[in-house]
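S.K.: These are the residues of each chain, in order.
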Amino acid sequence: MIKVTIGNNVKRESTILDENTTLRTALENGGVDYNTGMMHLDGAPLGPGDLDKTFADFGIREKCFLLNVIKADNA
Amino acid sequence: MFGTITDLTLASPMARKLFPRISAQNFRDDVSFLATARALLQPRLPEGESFDVIPVPAAPNGECTRIRGDLIRLEDFDDSTRALVVYNVTPSDQSREALEGLLRSLDASFQEADGWVSLPDVETFLSQKNVSARIFLHPEKRFAEVFVLSLTVPKWHLLQSLLPRLLPWYFQDHPLSKQELDLLLSLTRTNGEAYQIAIEAFAAQYDFRSLKIREGLQGFETRMERAQIQDLYDRIQDIDRRLEDLRASFARYCRDREELALRYFALNAKIERAKDAQSGEDSELTEYFLCNKSLHFISSEESKIKFIVTGYLDYFDPDVFDSTIANAESFFFYDYNTNSGYGNPEMTKDRIERLLRAIFQEGTIKVRTCAAFLVDFGSYRCSACRNFIYPVEFSGYMPNPHLDRYACLGNNEMEILEALKDKNYIQALEYCVAANRNLNLTDTAVGTVFMEYLLNPEAGMFLELPDGTCVTPIDAILFLEEGEIPHE
Numbered sequence: 001m002i003k004v005t006i007g008n009n010v011k012r013e014s015t016i017l018d019e020n021t022t023l024r025t026a027l028e029n030g031g032v033d034y035n036t037g038m039m040h041l042d043g044a045p046l047g048p049g050d051l052d053k054t055f056a057d058f059g060i061r062e063k064c065f066l067l068n069v070i071k072a073d074n075a
Numbered sequence: 001m002f003g004t005i006t007d008l009t010l011a012s013p014m015a016r017k018l019f020p021r022i023s024a025q026n027f028r029d030d031v032s033f034l035a036t037a038r039a040l041l042q043p044r045l046p047e048g049e050s051f052d053v054i055p056v057p058a059a060p061n062g063e064c065t066r067i068r069g070d071l072i073r074l075e076d077f078d079d080s081t082r083a084l085v086v087y088n089v090t091p092s093d094q095s096r097e098a099l100e101g102l103l104r105s106l107d108a109s110f111q112e113a114d115g116w117v118s119l120p121d122v123e124t125f126l127s128q129k130n131v132s133a134r135i136f137l138h139p140e141k142r143f144a145e146v147f148v149l150s151l152t153v154p155k156w157h158l159l160q161s162l163l164p165r166l167l168p169w170y171f172q173d174h175p176l177s178k179q180e181l182d183l184l185l186s187l188t189r190t191n192g193e194a195y196q197i198a199i200e201a202f203a204a205q206y207d208f209r210s211l212k213i214r215e216g217l218q219g220f221e222t223r224m225e226r227a228q229i230q231d232l233y234d235r236i237q238d239i240d241r242r243l244e245d246l247r248a249s250f251a252r253y254c255r256d257r258e259e260l261a262l263r264y265f266a267l268n269a270k271i272e273r274a275k276d277a278q279s280g281e282d283s284e285l286t287e288y289f290l291c292n293k294s295l296h297f298i299s300s301e302e303s304k305i306k307f308i309v310t311g312y313l314d315y316f317d318p319d320v321f322d323s324t325i326a327n328a329e330s331f332f333f334y335d336y337n338t339n340s341g342y343g344n345p346e347m348t349k350d351r352i353e354r355l356l357r358a359i360f361q362e363g364t365i366k367v368r369t370c371a372a373f374l375v376d377f378g379s380y381r382c383s384a385c386r387n388f389i390y391p392v393e394f395s396g397y398m399p400n401p402h403l404d405r406y407a408c409l410g411n412n413e414m415e416i417l418e419a420l421k422d423k424n425y426i427q428a429l430e431y432c433v434a435a436n437r438n439l440n441l442t443d444t445a446v447g448t449v450f451m452e453y454l455l456n457p458e459a460g461m462f463l464e465l466p467d468g469t470c471v472t473p474i475d476a477i478l479f480l481e482e483g484e485i486p487h488e
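Residue numbers (the working numbering), protein chains in the order written: chain A, 1 to 75; chain B, 1 to 488.
Chain B extracted, bound-state conformation (with noise of 0.2 Å):
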């Protein structure tokens, strides 16, 4: 008797959709029992009928009671299902006084009274190989129990050779085939080789071939296939996406286009009507520098127009200016990029305060102010000319302190801005005006070269009297302090 086998065809997985119907449980991983099984009692269990070998692990302790406690009941299987019970009987006394004890119990459990018949001359066979086992079978229930003191996996083998004995209600009706013979005999062998031999000549009976291509490929094309569809799946999801981009896209498009053209349209027809007009009539933006006396026009170039913004710096914060007024330390009196007095004698702070006062608080005093601006129409740009070498007509006027030194049009750009996009020209010029009427006189840098201009012994005629009278500004302070025109 040969050791454990633990791969058979009869006994794969696969074989178990061909016999269906019987089963065993493997013992120490060997599985010839299935295999033997399968090949002899397929061709012979009933319609209806199932078969199950079932190893058992069995350690009764002196007084054998366990045993009792382990045993299969025939109760716990329908009326289909058939079995073959293998007890492994390993008693922790394995006296021989023990050992009869042991069976004596058994057959206490396996009266024929109840049915149950043994086999004692088999029994004897297997006495003979030195396998001590009881054998109990139920003819009427078709259901067998042995009982194999200290079962090891050749004995196991060596039960499978009985299995006519041990199942004779399946052999009565079917004699063994030689086949069938040759392998009983083989379960008997030292070597296990004739065994194999024979077992798998039974499996050749059976279209596993065939069996393995459709388990294997079973469902493989729907995978395949399902795989495709996930990808075209995806696919046209991302096409679907490109074209709703596509579509969103294309609207916009067609919106932007539309008003684009309306504005085409519009434009086209007003240079139409202009040149169409017979009084040559001034367009609106003729009539508003023409209106506005404010605006000096100096020169245009395609979009861009070149003007001088004229003034008074007469939009201011007073409530800075009173703060600021009562500093002594402030750029009023204090030249912070010299760190020192604005160096003009005959202007004392005394003086200084008392024309600041004037322009800022009375108003007697106006301070005519200029700027000037490059526009540009077309790419909606404005800015205001640094360091503009002004003509001679605008001596008058001091350049507004912020755009003429700064450029810098704070607040007032963003508004024209907006204008220039909203193609309101009209707008975006008259806050070019507005920003030269304003000095932010929380600007100490701009407020420093406000003073600079006021204070210098050089300064021009840019200060106003209330009569319209435009002078210097150490005139005006004499005019306050005199309460009149000085004469040359």
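Pulled out of the complex, with its shape left as it was, chain A reads as follows (with noise of 0.2 Å):
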């Protein structure tokens, strides 16, 4: 089991979850909208493809930070 963190820019809380769920689950779950913004694990960017992964997938073995952020750009 793994403590996941999953939040976005109105509300963030850790969960323990399988290390075998995957993020889509687990996303659906905390109530966030994957679909827009960008998806972040641990600072890296999710691609397409990613969200069906498991955290194991990812070598998560004990914490994450699973956040969604806006999409803005610098100037």
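It is worth saying that the hints were derived from the structure and are not from the lab.
Do not take every clue at face value.
As the list claims (entries may be wrong) - Distance condition first, Cα-Cα at most 25 Å in a straight line; then the derived PhoX-like pairs of lysine-lysine:
#	chain 1	residue 1	chain 2	residue 2
1	B	K306	A	K63
2	B	K270	A	K3
3	B	K306	B	K423
4	A	K63	A	K3
5	B	K421	A	K71
6	B	K304	B	K270
7	A	K11	B	K421
8	B	K366	A	K71
9	B	K293	B	K306
10	B	K293	A	K53
11	A	K63	B	K293
12	B	K366	A	K11
13	A	K3	A	K53
Taking the hints as your guide, dock the two standalone chains into a single complex.
M.R.: This is the structure in structure tokens:
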């Protein structure tokens, strides 16, 4: 089991999940919309197909942060 | 007989209150008839009756028909009103024949059968005074009509002296006193002084002083008090408004205090829990720094944290890239700062285009980028560190042109500040990570800096090949051309 902190601009909460849970499931259970903005897993951007991978696929064994940010431009 | 008198106490507006039943219109501004009538008739006028003196202009033509039209009729008055009407007859034709015709017409209008009587002796007396007049009395109705040829003010005064004869019904049972007789005689003098003294002596019998005081001060205190009330009301309203403002402020302060107290106690409890923690558990912020391999902690001081973010320049607009690469004069190939190329002969136009397509279209080459940030959680401020001197372990990264050269966070800054104000520190740091990934290709100045880094002959190994190997831009070009990693 791993500790996953899921959040976006308006909320953030930590939950204990099985590391074989997919990122998509975790986001849906956490009520975070992954269709808008950008998703980061421990600061690394997630690409197409990554949401259906499990935390274990990303090598997460203990804890991680799965966060959504609004797309914004510098300048 | 004397001239016009315009100011007498018994004829003043104030006297109307003492003599409401006796009135007289002025003749050429002369007020004496009103004063005389009030002096003589006030003790004599029966209860319920009123009396009026009415001067009437009358200018008959040669046939005297207009006088008949101008006559004031008895029917014009109610049963309680008595009157003395004085006609100022000014015929245009003053010949003897015309005047005699006028007089005959008057006689026809005021016949004995109708109750009218004339006063020939008074008329004779007046004629001796060079006053042509005809007088008709109606004893039953107590009405008198006097026709005077070319009435003047002196004649007007003379008529007053004959009041006992013109209104005999008032004086029959109430003879004149000596004072009253002297008053009437004064009206025949050539100097008006005696009359004024006599008539004012009558006025002295009445308390005009009290009347003047009551008239002048009536309602005065009430007016003053009304003004004070208005002032008090205005001041009360003003204070009510201030009280309302204070109440609103008080409520606002109470709400603010409650919110701040909640946050104070929550933070206090959190700090106490942290103190009491036996295992030295990491805070959420510490956990985040430990988990997020993109974050590189440098230092902390009070409420500020300085850190470096690393990542890939992989957030850009592909459509903007497509249009820019198609433009041979875009910043991809032309340095707007020097108005020339980027000065690297090895980087031909074709090689530049091939490298950029590999980065921004094919994704086979990635640009490793870094940026330094200083975030103050206490004052909700975040800034990118311009021209930061990166430690040697970051030599394999290109400083993000937006952040390192211009410290420009763009729209990211707003998101970071909002997150800081919401005490959402993790989210604020996450936006720093996101900002480091962004290259806004619409910004020509920043794009030129990017190309300066990329085409610098001494550029670092910040380009990552598909197998994870980091190479310089020229080695990346060689990889693309030869399909393999160049060897030294």
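S.K.: Hint by hint, which ones does this structure get wrong, listed from lowest number up?
M.R.: 12
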